[in-house]
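Dock chain B with the ligands against the given chain A, drawing on the hints supplied.
2 protein chains.
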Amino acid sequence: MNKIARRMADIQPFHVMEILKRAHQLEAAGRDIIHLEVGEPDFPTPPTIVEAARDFLAGGHVHYTPALGLTALREAIARFYHDRFGADISPERIIVTPGASGALMLALAVTTDPGDEWLLPDPGYPSNRHLVRSFEGVARALPVDASTRFQPTPAQLADAWTARTRGLMVASPANPTGTLLTQAEIIALHEAVAARGGILIVDEIYQGLNYGVDASTALTSLEDVFVVNSFSKYFGMTGWRLGWVVAPQAYVRQIEKLAQHFFISPSTPAQHAALAAFTPATLEILEERRHAFAARRNTLLPALRELGFRFATEPQGAFYLYADISDLADNSETLARRLIEDAGVATTPGIDFGDNAPDRHLRIAYTTGEARLVEAAERIARVLRTG
Amino acid sequence: MNKIARRMADIQPFHVMEILKRAHQLEAAGRDIIHLEVGEPDFPTPPTIVEAARDFLAGGHVHYTPALGLTALREAIARFYHDRFGADISPERIIVTPGASGALMLALAVTTDPGDEWLLPDPGYPSNRHLVRSFEGVARALPVDASTRFQPTPAQLADAWTARTRGLMVASPANPTGTLLTQAEIIALHEAVAARGGILIVDEIYQGLNYGVDASTALTSLEDVFVVNSFSKYFGMTGWRLGWVVAPQAYVRQIEKLAQHFFISPSTPAQHAALAAFTPATLEILEERRHAFAARRNTLLPALRELGFRFATEPQGAFYLYADISDLADNSETLARRLIEDAGVATTPGIDFGDNAPDRHLRIAYTTGEARLVEAAERIARVLRTG
Ligand SMILES: Cc1ncc(COP(=O)(O)O)c(C=O)c1O
Ligand SMILES: Cc1ncc(COP(=O)(O)O)c(C=O)c1O
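Note that the protein sequences, when read in sequence, are chains A and B.
For the first sequence, the residue numbers in UniProt numbering are 1 to 387.
For the second sequence, the residue numbers in UniProt numbering are 1 to 387.
In short, the hints are calculated from the structure, not lab data.
It is possible that part of the hints are untrue.
One copy or two, it doesn't matter: identical chains are merged, so the pair holds either way.
Claimed, not checked - Once the Cα atoms are required to be at most 20 Å apart in a straight line, the calculated DMTMM-like pairs of lysine to aspartate or glutamate come out as:
1. Lys-3 / Glu-136
2. Lys-257 / Asp-113
3. Lys-21 / Asp-159
4. Lys-3 / Glu-256
5. Lys-257 / Asp-10
The structure presented is a predicted model; accordingly, all values stated were derived computationally and were not measured.
Extracted from the complex, chain A is given alone in its bound form (with noise of 0.2 Å):
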């Protein structure tokens, strides 16, 4: 027996595993490596949300929850809306998942159909175009450059808009390349999406993580989107797998079958930490790490450039840069593989996020100390000298 579906030969892997392998190897053989590759804070839960969960767990009692989330951490989501972004939400429309995994594949199975079209900007995030074909959609890349801070236009969605186009998905902040869209931006998408029956999911994982700018969401301005949201990033709980997704009324009770056949129910232990994520002793310490991460941003961008790796759009967001290395190298792959094995250096080639330029691009994620980054500097500095 061996029958392996045909969406798995569209199903790539996250390319990165490579790279992490091989950091592993060398660190096994004593080097020291620089992770600059990881997609992950590096700092611990904040202390206030650990102990929240660990109260909790002293009790014993860690049952199954509703499917959609406890009461209390969906209203305490929609009370984080009101009070950083005056936004009034209903608790109703806030579905607690698995890490914005979940929320994205939830989004996503409720409202495509085999054949329905989704565009997706390329370079994204990966698992969106093989979240998109596991459910039997289509993704439909639009290619985006620094020209538009690699976000896509309502010019581009039209030409790329067909009959069988069933929406268009974004991130604000994005990953790989760091950058936002402006509430005007995402007003202007929604409008063209909406003119033409479409759908939009907005990503806002990475949400709160901006620098110099403020942060946003759709939520202000519209009702009719999917609003993805996680705790892995901002609130620095990746391994607890809890995220949310915002849903427009009508969706609620669809999306409440597939979660209870999905999930079951969101981490219980997760859950109970969340509601002490809100907390203004939690929010403290979350915005000091921001500025820690901006100021990690603010070392490390002018350090790249000066080495010649290119940034036409400043990323305002997340904890990444999205480097243009042609200036380096004829290929990122081959640039990664140099930087880990003769600089101790680890990084993401652009062939994780898509099939434009990928050559072209390294993500360099800054979730690592600041006195680690200036290292990173100088290791890459001298191999590429003697390049």
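Positioned in the frame of chain A, the structure of chain B with the ligands alone reads:
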């Protein structure tokens, strides 16, 4: 905008949620409700497991793990198969997932093309047919009854198999019937499936919850089989959301790709907790609980028989009794409604489990203490007498 995918028309909610909602309403109004509808142990997670999680969390470093799970946990599961069942399974084949739910999703997504048929015993666990449908497969019911202990037979499979059939899903012990397959029966089913080039998925989530018969696994006899399991039931960890699937080696790499995109990784705290699940101290607690479940079963089963509930086959596993109520009422939903309103006893009508005589059946879970079970039987008796 309002684009609901066609699959959603076929995806049913857990109907028992209506009963649960009514139970909560009655409780809010001051009524005492005995919960015999709940599909999870009432016991807390064993303290040994809870403490492992709390110790891990104290460090605060709750990051993503590899998509297939922590190596140490995969090895611990392999040792468990060796020590308890004498089955030698390579840890490489063990994929840690967000519950058996996640395991079932991966097994189906990796094997099912649109239009592919899966044979599923009816009655059976409701999510199976909805997961098949979610990936555009077609669930075909194999109606089963007490004459075969609610398990399908090779002859039945031979009749139902078509050119589009991809495989067979079974569960042992099964939900809702609590019946087991013998090792000889599993082997015969596997032979019938393999002879047709199909795939066998065996759901062993209730493994270890067996009374008067030894626990077993298909893995002692079979290699080219998907075996799904979970920390939810025997290990008392429902809310942690952690399970696993043992896949044939040829599928592991394919499943890894999907797991990356669906889940990124299983819950990190849950994985560290589960490292304590196979220790002698934990297993001792779990065996005590198994004895408690056996005692409950031995109390409830004859009490219900006395009242006219019929059990043509004795359930020997899980924590469910699947009763034929045709001597008591015309319709199990009406009876369930009467039992909750008049007796304050919540049960699950057959409709959740398929289309095979659901009106005649009620699932009664002994996931509550013996004294309450006795009281439930007394209350039911009173209501039936006044009926
Ligand atoms: C843009 C984007 N969306 C979604 C996710 C999924 O994250 P999680 O499932 O941990 O919330 C990621 C993870 O890196 C991401 O970068
Ligand atoms: C037969 C069966 N399989 C799978 C599951 C899924 O359980 P979990 O995802 O908690 O492991 C259940 C839950 O009730 C079940 O009864």
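Hints, verified against the model:
1. Taking CA atoms no more than 20 Å apart as the test, Lys-3 paired with Glu-136 passes in both settings, with 17 Å inside one copy and 16 Å between copies.
2. Taking CA atoms no more than 20 Å apart as the test, Lys-257 paired with Asp-113 passes inside one copy only; the shortest distance there is 17 Å, against 22 Å between copies.
3. Taking the shortest Cα distances, Lys-21 and Asp-159 never come within 20 Å of each other, neither inside one copy (41 Å) nor across copies (48 Å).
4. In this homomeric assembly, Lys-3 and Glu-256 come within 20 Å of each other (Cα to Cα) only across copies, at 16 Å, whereas the closest approach inside a single copy is 31 Å.
5. Taking identical chains as interchangeable, the C-alpha atoms of Lys-257 and Asp-10 lie at most 20 Å apart only when they sit on different chains, with a minimum of 10 Å there against 28 Å within one chain.
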